[in-house]
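> One letter stands for each residue in the lines below.
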Amino acid sequence: MVMVKRALVAAVVFAVIAGGRVLGQGQGGFVPMGSLPPAEQIPAAPLLIAAYVFVWLALMGYLWSIWSRLGRVERDLRALGQRRHSREAR
Amino acid sequence: MFARIALLVLRKDVAIEVRSREILYTTLFFAVSCVLVFAFALVREGQVAEDVPAGILWIAIAFAGTLALGRTFERERYGETIRALLLAPAPRSAIFVGKMLGVVALLVVAEVLLVPIVALMFDAGGLFARPILFAGLLAAGTIGFSAVGTLFAAMLMRSRTRDVLLPILLYPITVPVIIAGVRGTAALLQPAPDEAMAEMWLGILVSFDIVFVTLALWTFEPLMTE
Amino acid sequence: MEIGIQDSGQPMRRIFGPIFVVTAAMFAAAPYLIANAPYESTMGLVQKIFYFHVPSWFAMFTGVFVAGIYGAIFLFRGDPKADRVASSAAEIAVLFGLMGLVTGPLWGRKSWGVWWQWDAHLTMALLVELIFIGYLIVRKYGGLGSEKLSAAVAIFGMANIPFVYLSANIWRTLHPPTSVVPTLPSAMGGPFWFCVAAFMLLFAVLFMLRLQLENQRAALDALYLEEE
Chain D
0 MVMVKRALVA AVVFAVIAGG RVLGQGQGGF VPMGSLPPAE QIPAAPLLIA
50 AYVFVWLALM GYLWSIWSRL GRVERDLRAL GQRRHSREAR
Chain A
0 MFARIALLVL RKDVAIEVRS REILYTTLFF AVSCVLVFAF ALVREGQVAE
50 DVPAGILWIA IAFAGTLALG RTFERERYGE TIRALLLAPA PRSAIFVGKM
100 LGVVALLVVA EVLLVPIVAL MFDAGGLFAR PILFAGLLAA GTIGFSAVGT
150 LFAAMLMRSR TRDVLLPILL YPITVPVIIA GVRGTAALLQ PAPDEAMAEM
200 WLGILVSFDI VFVTLALWTF EPLMTE
Chain V
0 MEIGIQDSGQ PMRRIFGPIF VVTAAMFAAA PYLIANAPYE STMGLVQKIF
50 YFHVPSWFAM FTGVFVAGIY GAIFLFRGDP KADRVASSAA EIAVLFGLMG
100 LVTGPLWGRK SWGVWWQWDA HLTMALLVEL IFIGYLIVRK YGGLGSEKLS
150 AAVAIFGMAN IPFVYLSANI WRTLHPPTSV VPTLPSAMGG PFWFCVAAFM
200 LLFAVLFMLR LQLENQRAAL DALYLEEE
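The listed protein sequences correspond, in order, to chains D, A and V. Start counting the first sequence at 0; every next residue gets the next number (numbering that gives the first Met the number 0). Start counting the second sequence at 0; every next residue gets the next number (numbering that gives the first Met the number 0). Start counting the third sequence at 0; every next residue gets the next number (numbering that gives the first Met the number 0).
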């Protein structure tokens, strides 16, 4: 029972990742629980969720880091360009 | 020509070292301290696990080698002699080979002391059972380690953070040398020495040497050009 | 000087938009496909990590090879553009390597019962990741001449891969062999190759962004130099 619950949680996380579109039909993918081997001491779903969440967090973190670095450099470039421009106008 | 220049550079380093013996003594003492530190960590009730002596030996060599590399090039930097050496009308790769041979020579001396110490302290007489094979492993491992180490130590001379960057870069890249050296030595240390295994590891070490010495010779010239 | 910024950035910017959209769409669709893919018979649910785990290694090794090859080009031709390409690729390789190194143990915890195994693939992956973190450290703290030094690290790191793999492989092996990939049943193979394509596109997107940053930095440095 716990397993089923956890698998459902996994499905919900997938759904959130996919922008809410999975909820309607995506759970179909998690129905064949019977095909899972019975010897499950360690729950798989938290591990699976952790893996996917980490990949997404790392990706977002990196995108944010590039974005902020690029913003800083471009700001400096603009400031420098403006300074030059005003000097040339004079 | 090439060999003559390499030998000249080597002779210069040996001559300086023979006069002061600073690097030799510090490296030797450091290597022995390494063995002791590991002995305290790994010896239990007077006994060690089967593969431990091989591991201790190679770790001591790698650590001592890093120290020797740092000191060798610190000396060149301090005397501003590397610039003169690089300005000399000689192929850069010959200079590289000369410096590398100097490091190899230093490490060989350290190994001559380290091997009996490890053999005595950890009851690893098996090290001498197949002397040629074991010497081959040591020589191939030392050359591979020194080739990569000399290249990086030479490049790092210009860097302010060279002391910490050398091990950071050197250890991950020389891991195959450590694995092959330790496993090959451990194969010889077994109650029934596994010669085929040791020969296979020796083969890996030799191919590592060929690839990395070639790469180092190939990249030394552009790397040392400012 | 402005011309210099434009001609390195413009063609890239034109294809960036479409690639970005396609990548985002593929990543939005990936969870669907993964959720609908069949369960692997022995590993079950946790095996689904595979769809992101393996492609992240593909992307990492792409980065490693780009960094190594462009490092060599920089070293022998002295072209600063090659250095910018190499350093951008190396940083992204570290990012994908981190994804692989974190998702791998999560999978192994379930299917092997331990977080880490000293197996050939894991050892190789960890070492390549360490070498390229070393690369980033050199670039940040190396000071004078760190571009060349880092190029050498990339070349040596790349040359090191077969040796680490071979020696760790003989030393011990536990990982599912890489040869399973071409023999995947099509119901699993489809989503898998879809994810591989998505990760490669993601690599391209991140790479272009990172290269743009590097180009703008170079332009800024050139402008500062002109000012003085």
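Check before you lean on any hint, since a few could be wrong.
Distance windows between CB atoms, simulated [unchecked claim]:
no.: 1; chain 1: A; residue 1: Asp50; chain 2: D; residue 2: Trp63; range: 45 to 53 Å
no.: 2; chain 1: A; residue 1: Arg82; chain 2: V; residue 2: Tyr140; range: 29 to 37 Å
no.: 3; chain 1: V; residue 1: Asn168; chain 2: A; residue 2: Leu119; range: 50 to 58 Å
no.: 4; chain 1: V; residue 1: Trp114; chain 2: A; residue 2: Thr25; range: 37 to 45 Å
no.: 5; chain 1: D; residue 1: Glu87; chain 2: A; residue 2: Thr213; range: 51 to 59 Å
no.: 6; chain 1: V; residue 1: Leu143; chain 2: A; residue 2: Phe1; range: 24 to 32 Å
no.: 7; chain 1: D; residue 1: Phe53; chain 2: A; residue 2: Trp217; range: 36 to 44 Å
no.: 8; chain 1: V; residue 1: Ile18; chain 2: D; residue 2: Trp63; range: 15 to 23 Å
If you're looking for bench data, these hints aren't it; they were derived computationally from the structure. None of these values were measured; they are calculated from a predicted model. Virtual Cβ for every residue (Gly too), placed ideally from N, Cα, C.
> A range of 45 to 53 Å was offered for this pair. Does it hold for the Cβ distance of Asp50/A and Trp63/D?
holds, 46 Å
> Within 50 to 58 Å: is that where the Cβ-Cβ distance between Asn168/V and Leu119/A falls?
violated, 34 Å
> Starting from the hint 29 to 37 Å, judge whether the C-beta atoms of Arg82/A and Tyr140/V obey it.
violated, 23 Å
> Does the Cβ distance between Trp114/V and Thr25/A fall inside 37 to 45 Å?
holds, 40 Å
> Falls inside 24 to 32 Å, the C-beta gap from Leu143/V to Phe1/A?
29 Å Cβ-Cβ, so the 24 to 32 Å window holds.
> Looking only at beta-carbon atoms, does the pair Phe53/D, Trp217/A fall within the given range of 36 to 44 Å?
holds, 39 Å
> Mind checking the hinted window 51 to 59 Å against the Cβ distance between Glu87/D and Thr213/A?
holds, 54 Å
> Between Ile18/V and Trp63/D, is the Cβ distance one that fits in 15 to 23 Å?
holds, 20 Å
The structure is inconsistent with the numbered hints 2 and 3, although it conforms to all the rest.
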